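Number of protein chains: 2
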Amino acid sequence: MPSDTPQPAFVLVRPQMGENIGAAARAMLNFGLDRMRLVAPRDGWPNQSAVAMASGAGRVLDEAVLVERTVEAVADCTYVFATTARQRDLTKPVMTPERAMEVAREKIAAGEKVAVLFGPERAGLENDDIALANAIISVPVNPEFPSLNLAQCVLLTGYEWRRQTVETASEVTEMAGSDWATAIEVDRLAEHYEETLDSAGFFFPETKSDSMRRNLRNLWSRMPLTQADVRMLHGMLRQMVRWKTKG
Amino acid sequence: MPSDTPQPAFVLVRPQMGENIGAAARAMLNFGLDRMRLVAPRDGWPNQSAVAMASGAGRVLDEAVLVERTVEAVADCTYVFATTARQRDLTKPVMTPERAMEVAREKIAAGEKVAVLFGPERAGLENDDIALANAIISVPVNPEFPSLNLAQCVLLTGYEWRRQTVETASEVTEMAGSDWATAIEVDRLAEHYEETLDSAGFFFPETKSDSMRRNLRNLWSRMPLTQADVRMLHGMLRQMVRWKTKG
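In order, the protein sequences belong to chains A and B. Just so we're aligned, residue 1 is where the first sequence starts under the UniProt record's numbering, counting upward by one. Just so we're aligned, residue 1 is where the second sequence starts under the UniProt record's numbering, counting upward by one.
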């Protein structure tokens, strides 16, 4: 059973290699997409090469809808995107994947059905396929080296879908089993180092002593220290003292 | 010669298959990136499978910098990202590709040198490699099916770099050799249809005539018509009249 999550259908139009169908299924499932539609795959259907390549994403292939013509694949859709690299002689909005998946998100949230067409490996979509679409998706690649393959185009579109629809913290800090040190803990650390280093005659000459102390305090406070870091730094210093007193 | 455009270096750490090195080169060049560094590729260097797969992106391989250890690959860099799928037991910021390439853009604009580490195919980066990094990049994939390969991880990171640095109109309408129709042209079209349809007895019954006229006018004005569309619509109607008068 496909997932319940509302999502666009990805339509592979006349795909040639089974491997690419399998790779597209994997690319889709990476981003939580599992509604594939297939228009007249060259080597028939089902296809063993597709299954072998899909491995863990075989479910996407099992549930894929097979049709003969592109129009049947989008018959129930109210908004259709066509992915294409080349400029076409058709008046049609051309969107980045980012903008397109933003539009898709809005339409799907409003209850519409959305599909994205992907063309065959060599030639891409024909103009008759594109004429069925409301808008074109064009990935902004280096114009001197545009070489995205079918699964990569599916991957980038799927990535943008997930980026637009699944809230992800853009930056978190992974804590390896320790909380951040508090200001008082850092202050005690600074104190410990300052006193010990003072005994060791580190703050010399006298005229520079104040600025050296200030710089050292500042060093600790601008470090992102965890409680474990603070414990380790205390331990290092205690060990140096122990080593010294042993002579 | 690599391009002059300031950009992050992409470092492939102990890559296994030559094909994947070639695919990574293609993925990079799609997004205008051409500074590859290689740490101890398993099958030696240069590698014929890499060259065959890279095809048009062979230049990226020719200019790749080969080193023995990860630390040598990032020796000149002031900020290093490590890409990884698994959770690691290290205290380190974890960023989305989007956030990471935003940080990279800012640092590179300020004259810093930035690198991104990508691990070997099977196991990914080792903790010793990751310890060299200032931050981790983690692609927000479906947690139930995370299956990005090396070239795909390079592709998504490269895509985000370009998305953050190259201004692209998010939506433009491709015009197939015709400008948009002006309001007066659309008004004349509405007039033409209204008069002809009136003669044909279309606005019937009388009680509904006003709302039918209003709906028809509204239909034209909410269509995104080009001048070529308007000419075709005038022509269609004239032809119907000609056909009728012949009849």
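Derived by calculation from the structure, the hints in this document are not laboratory data. Just so you know, these numbers come straight off a predicted model, no measurement behind them. Some clues are possibly wrong.
[Claimed, not checked] Partial pick of chain B residues on the chain A-facing surface, computed with a CB cut under 7 Å:
id	residue
1	A85
2	R86
3	L90
4	V94
5	P140
6	V141
7	S147
8	T165
9	S170
10	T173
11	E174
12	W180
13	T182
14	A183
[Claimed, not checked] Pulled from the structure, derived: some chain B residues nowhere near chain A, Cβ distances all over 12 Å:
id	residue
15	A52
16	E72
17	T78
18	K92
19	I136
20	F145
21	D198
22	M212
[Stated by the list, open to error] So these bits of chain B aren't anywhere near chain A, every CB distance computed over 10 Å:
id	residue
23	F31
24	E63
25	A123
26	G201
C-beta: ideal position from N, C-alpha, C; glycine also.
Cross-check of the supplied hints:
At a threshold of 7 Å, the smallest CB-CB gap from A85 of chain B to chain A is about 11 Å, leaving the interface hint violated. Hint status for R86 of chain B relative to chain A: violated, with the closest Cβ pair at about 11 Å, above 7 Å. The criterion of a C-beta within 7 Å of any C-beta in chain A is met by L90 of chain B, whose closest approach is roughly 6 Å, and the hint holds. Hint on V94 of chain B holds. Least Cβ distance to chain A is approximately 5 Å, under the 7 Å limit.
For P140 of chain B, the suggested interface contact is upheld, since its CB lies about 4 Å from the closest CB of chain A, less than 7 Å. For V141 of chain B, the suggested interface contact is upheld, since its CB lies about 5 Å from the closest CB of chain A, less than 7 Å. For the restraint placing S147 of chain B at the interface with chain A, the shortest Cβ-Cβ distance is roughly 5 Å, inside the 7 Å limit, so the hint holds. Against a cut-off of 7 Å between C-beta atoms, the interface hint on T165 of chain B is violated, since the closest Cβ of chain A lies about 11 Å away.
Hint on S170 of chain B holds. Least Cβ distance to chain A is approximately 4 Å, under the 7 Å limit. Of the supplied interface hints, the one on T173 of chain B holds, with its beta-carbon coming within about 5 Å of a beta-carbon of chain A, less than 7 Å. Using the Cβ-Cβ criterion of 7 Å, the hint placing E174 of chain B at the interface with chain A is satisfied: the shortest such distance is roughly 5 Å. The interface hint given for W180 of chain B is violated, since its Cβ lies 9 Å from the closest Cβ of chain A, which is over the 7 Å cut-off.
Proximity of T182 of chain B to chain A is violated relative to the hint, the smallest CB-CB distance being about 16 Å (cut-off 7 Å). Here the hint on A183 of chain B is broken, as its CB sits about 18 Å from the closest CB of chain A, past 7 Å. Interface exclusion of A52 of chain B from chain A stands, the closest Cβ pair being 14 Å apart, more than 12 Å. The claim that E72 of chain B is not at the interface with chain A holds, since no C-beta of that chain comes within 12 Å of its own (minimum 26 Å).
For T78 of chain B, the condition that its CB be more than 12 Å from all CB atoms of chain A holds, with the nearest at approximately 16 Å. Not every C-beta of chain A lies more than 12 Å from that of K92 of chain B, the closest at about 6 Å, which undercuts listing it as non-interface. Taking the minimum C-beta to C-beta distance to chain A, about 7 Å, the non-interface status of I136 of chain B is violated against the 12 Å cut. Against chain A, the non-interface label of F145 of chain B is violated: not every CB pair exceeds 12 Å, the least being about 4 Å.
At roughly 30 Å from the closest C-beta of chain A, the C-beta of D198 of chain B stays outside 12 Å, upholding its exclusion from the interface. With a cut of 12 Å on Cβ distances, M212 of chain B stays outside the contact zone with chain A, its closest approach being about 26 Å. Remark: the non-interface label on F31 of chain B conflicts with the geometry, its nearest Cβ contact in chain A lying 6 Å away (cut-off 10 Å). In this structure E63 of chain B is separated from chain A by more than 10 Å, as the shortest Cβ-Cβ distance comes to about 14 Å.
Even its closest Cβ contact with chain A, about 18 Å, leaves A123 of chain B beyond 10 Å, as expected for a residue assigned away from the interface. No Cβ of chain A comes within 10 Å of the Cβ of G201 of chain B; the nearest lies about 34 Å off, and the non-interface call holds.
Going down the numbered hints, you'll see the structure goes against 1, 2, 8, 12, 13, 14, 18, 19, 20, 23, while the others check out.
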